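Take a look at the letters that make up each chain.
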Amino acid sequence: AQSVTQPDIHITVSEGASLELRCNYSYGATPYLFWYVQSPGQGLQLLLKYFSGDTLVQGIKGFEAEFKRSQSSFNLRKPSVHWSDAAEYFCAVDNAGNMLTFGGGTRLMVKP
Amino acid sequence: GAGVSQSPRYKVAKRGQDVALRCDPISGHVSLFWYQQALGQGPEFLTYFQNEAQLDKSGLPSDRFFAERPEGSVSTLKIQRTQQEDSAVYLCASSLADVTGDHEQFFGPGTRLTVL
Numbered sequence: 001a002q003s004v005t006q007p008d009i010h011i012t013v014s015e016g017a018s019l020e021l022r023c024n025y026s027y028g029a030t031p032y033l034f035w036y037v038q039s040p041g042q043g044l045q046l047l048l049k050y051f052s053g054d055t056l057v058q059g060i061k062g063f064e065a066e067f068k069r070s071q072s073s074f075n076l077r078k079p080s081v082h083w084s085d086a087a088e089y090f091c092a093v094d095n096a097g098n099m100l101t102f103g104g105g106t107r108l109m110v111k112p
Numbered sequence: 113g114a115g116v117s118q119s120p121r122y123k124v125a126k127r128g129q130d131v132a133l134r135c136d137p138i139s140g141h142v143s144l145f146w147y148q149q150a151l152g153q154g155p156e157f158l159t160y161f162q163n164e165a166q167l168d169k170s171g172l173p174s175d176r177f178f179a180e181r182p183e184g185s186v187s188t189l190k191i192q193r194t195q196q197e198d199s200a201v202y203l204c205a206s207s208l209a210d211v212t213g214d215h216e217q218f219f220g221p222g223t224r225l226t227v228l
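Line order of the protein sequences matches chains A and B. Under the numbering used here, the residue at position 26 of the first sequence is numbered 26, and the numbers go up by one with no gaps. So the number in the numbering used here is just where the residue sits in the second sequence, counting from 1, plus 112.
The reader is advised that the hints may include incorrect statements.
Negatives, chain B to chain A, calculated, CB over 10 Å [stated by the list, open to error]:
1) 125
2) 188
3) 193
4) 215
If you want the footprint, here are the derived chain A segments under chain B, 3+ residues with CB under 8 Å [as the list claims (entries may be wrong)]:
5) 42-53
6) 101-112
The hints are simulated quantities; they were obtained by calculation from the structure and are not laboratory data. This one's a predicted model, so the numbers in the text were calculated from it and none came from an experiment. Where a beta carbon is used, it is the ideal one built from N, C-alpha and C, also for glycine.
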């Protein structure tokens, strides 16, 4: 069965610092890959997605992610974090077009 | 256009009660998904519809959970004889996806169910 691992449960960064959230997946083929953000009491908002092609994908709010097949990773990055980025971030994979498997999430806190 | 909507947003039920959670997908979206998100965890897949056909219900945790989408649009997730472990946020998502289409899922705000 496929699985998604987000090794960091909590991350705290200072405002203006760079950010990298890790995501590793376990699946035989290249799945479709997603990063979602969830603010308290809100649904999930898509930040970016990878289906094929260029392995560096750009998303909304200044986020980007890089697919590395050799490492089965899809890490999310942002060069300069804003206080409004504080939220829960979920990595997800879709291997068959009919369900998403999510990681456990990483809670991002931003220090002023 | 409107996104995915869910109602009610909050539901408190006494243990043993039946509840029904509604999802209105984005108009024209073929696929509809239900997920359960326990506190502090990532969402977990419950079931999936393509139009009115329920193609996968492997994630439903027990036979107390039942979902339907009779006309291929609105969907209802029903939980019978609720238990405390059913307390969670129930998320609905819709997608244009068919077998070869775009796989992006659009999520509703969720229904937070609390079973006392």
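Results of checking the hints against the structure:
1. 125: Fine: 19 Å to the nearest Cβ keeps residue 125 of chain B off the interface.
2. 188: holds, 18 Å
3. 193: holds, 26 Å
4. 215: With a cut-off of 10 Å, residue 215 of chain B comes too close to chain A, as the shortest Cβ separation is near 5 Å.
5. 42-53: Three-residue rule met by the stretch 42-53 of chain A, so holds; n is 7.
6. 101-112: As far as the stretch 101-112 of chain A goes, the hint holds, because 5 residues have Cβ atoms under 8 Å from chain B.
The structure fails hint 4 only (numbered hints given earlier).
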